[in-house]
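Protein chains: 2
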Amino acid sequence: MLAEIITIGDEILIGQIVDTNSAWIAQELNKIGIRVKQISSVSDDRSHILKALAEAHNRAQIILITGGLGPTKDDITKRTLAEYFNVGFTENAEALENVQQLFKKYNRPLLEVNRLQAQIPENCEVILNKNGTAPGMWFNYDSRVYVSMPGVPFEMMYMMEDQVLPKLKASFKLPVIIHKTILTVGEGESFLAERIADIEDSLPSHIKLAYLPKLGQVRLRLSGYGDDEVLLQKELNSFADQLLFRVANVVVAEEDISLEKAILNKMEARGLTLSVAESCTGGYISHLFTQHPGSSNVFFGGTVSYSYELKESVLGVKNETLWQHGAVSLETVTEMVEGAILNFKSDYAIAVTGVAGPGGGTPDKPVGTVWIAVASATKTVTKKFTFGNKRLQNIERSAISALGMLNTLLREVEN
Amino acid sequence: MLAEIITIGDEILIGQIVDTNSAWIAQELNKIGIRVKQISSVSDDRSHILKALAEAHNRAQIILITGGLGPTKDDITKRTLAEYFNVGFTENAEALENVQQLFKKYNRPLLEVNRLQAQIPENCEVILNKNGTAPGMWFNYDSRVYVSMPGVPFEMMYMMEDQVLPKLKASFKLPVIIHKTILTVGEGESFLAERIADIEDSLPSHIKLAYLPKLGQVRLRLSGYGDDEVLLQKELNSFADQLLFRVANVVVAEEDISLEKAILNKMEARGLTLSVAESCTGGYISHLFTQHPGSSNVFFGGTVSYSYELKESVLGVKNETLWQHGAVSLETVTEMVEGAILNFKSDYAIAVTGVAGPGGGTPDKPVGTVWIAVASATKTVTKKFTFGNKRLQNIERSAISALGMLNTLLREVEN
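Residue numbers (UniProt numbering), protein chains in the order written: chain G, 1 to 415; chain L, 1 to 415.
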């Protein structure tokens, strides 16, 4: 089953916003066995939209359209769709009620332009927009499904999850597809591939293995295709178990979550707490953790110690250590991580100090040199990394490497 | 002048990566007077690519293609382009030299697949890739320009800035376009619009004003179109000056940079230093600053104090303050910011404490309640905000609001 995504709106074409909707939609469609053939971004222009609709009609059975549904003059998606389908308009009672409720909730007078949002092409079914005033629209036309949704991400996402995806599943005979994701950290794609080559070779043709690498992490995703869901799940689990056993030392999670969330989950389940002493990562590791709800159950916080002074006063790094060995050294990172455990009273701690660049490098400590330490009350592990010369990449790589080291230390205690 | 962007590769169509390249390219093209008519993402499939090329040929004079230039079998952009142009291949000495140098630098043996990357269609001019092995390609064909570049963002960006954009400017008679951006913070789009309505109304038709809002900030962008660059610049400056004078109280920068970078610049120029005490922003403010090269000249660091204990031990917030007024209170945020100045020895400090959500709200301090303080040695300013119930948005809004308050405090001392 093939789909096409059409995004309508000048914001994307002038680069004012990045189109994150399409990637999200594509992922969700993939999960239920629908493949995206093309993504087209077109302008708020009648003839251009008509052309895009006609081209999509030739390529796909499912055409998902986002954007151009606002109340202002430049939003012409709805009337262009009516022209494409050659139909008139009708007022939809449910959509009107929805708009009225929204305006009532925010205590604003209902404007005529908003009332007009409840006018829809005669041939469509309304998809209620619980988060905004523009209704979504579902069209069956010439053996194809067209769905028009707002471009505002959370309005679109809610509609997709709540109504469009279930309706697509009900409308088409889609294959049963089951995914199982294993998150690993600290080993490159090609090394992993070598270690599991025999398992990969033994997969039946209806089960595929994908390597999804991202900055020090690799997600192994098994996707099974079939008719019998129960049987397929059983089969997939057995291959997943083989993979999990084989690469156990680098596995962080058996589900598709972020690395830091996996670590938070693991630590929370065991009642453990964590603090950080960040120098070159400058708050990025803290931000990774604290973006997740409930992180405060595990994460106490810590310090961003850019200056020598903060390393001394907050972490208790000795002045002579800093001057003898420098801020980027085994000795300093060790005192940082042990200072964090001591001062912040957490079970575990992470410390990072390095030269993120582009300035600050020296012959023996070039840009990209990073010392990382992880520690529990009884054990400290340190490691030196040599990354590249791109500041943001160095920050991200340092963070991921630190999380990988913490995962290893947590595993040691498990076993 | 119209352009089309074609991205090639299954990664985008399965939603594995978000296409950030296109937005960046569109922005850069806009700056030099080239408008993007359509963005199409297609799969690594010969006939699909050929179709997309033909369709783009009908719509645009400039066709920029990214992706599908890797050394593996699934990367077919190059040979499909040769088929489209109906030409053979030739080995390019410069491109080969580049690949060889790269492999030498990383001490890896040159594989045959990489040697093949120096094979290019006969009708193209090579665009050297200084950051990777796949050369870019420039084609003049049927009064149109086709440019093929790698999909790796930093390889593509370097090629665009270094070679493609200058070459486009030299190849086409493009209008003179000058932009001038004013960054403001702390006032909504519609309020700003009201304050500068008369200036906006007085703009000649060849100068446009755009409002680019983003999370508490609004960029005012004047774009002038004309033939005489010197004259146009003068005219634009005079309108910019009027705007700057009118909204001076909310202006952060007279160029298109990020809010935190503008503050770093301002503080560095005046030899001032900064530290932070972050609770609910959890390291995000520190990360904003430290992602910028040279931030250590201004930013000392600070603490991420999620727990009561860290607020006490590192910042010196009094135990009774926390228990009497709670962590999210005027009293606590004041002690936090003053503790930061005192303990971290910076000229200025920011403190933030709040309920980011989704949990942790109470009837009198619901999710979204955030106290922010900014301080110098002699003055402390505090403010309570009530944001919404989305955790990440609350974190970002808190950070932007804090930066806005710091900007105001810095301005007071200026004047």
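A couple of the hints might just be wrong.
Copies of the same chain look alike in the list, so a pair counts if it fits in one copy or across any two.
[Unchecked claim] Below, simulated SDA-like cross-link-like pairs (lysine to any residue); rule was C-alpha separation at most 20 Å, straight line:
1) 37 to 75
2) 365 to 75
3) 214 to 20
4) 167 to 187
5) 345 to 54
6) 384 to 401
7) 73 to 193
8) 390 to 20
9) 73 to 390
10) 208 to 16
11) 37 to 54
Hints listed in this document are in silico derivations from the structure and should not be mistaken for laboratory results.
Okay, the hints, checked on the actual structure:
no., hint, in the structure
1, 37 to 75, "between (26 Å within a copy, 17 Å between copies)"
2, 365 to 75, "neither (55 Å within a copy, 38 Å between copies)"
3, 214 to 20, "both (17 Å within a copy, 16 Å between copies)"
4, 167 to 187, "neither (40 Å within a copy, 42 Å between copies)"
5, 345 to 54, "neither (64 Å within a copy, 65 Å between copies)"
6, 384 to 401, "within (10 Å within a copy, 38 Å between copies)"
7, 73 to 193, "between (54 Å within a copy, 18 Å between copies)"
8, 390 to 20, "between (24 Å within a copy, 18 Å between copies)"
9, 73 to 390, "neither (44 Å within a copy, 30 Å between copies)"
10, 208 to 16, "between (37 Å within a copy, 16 Å between copies)"
11, 37 to 54, "both (15 Å within a copy, 17 Å between copies)"
Violated hints for the displayed structure, listed by number in ascending order: 2, 4, 5 and 9.
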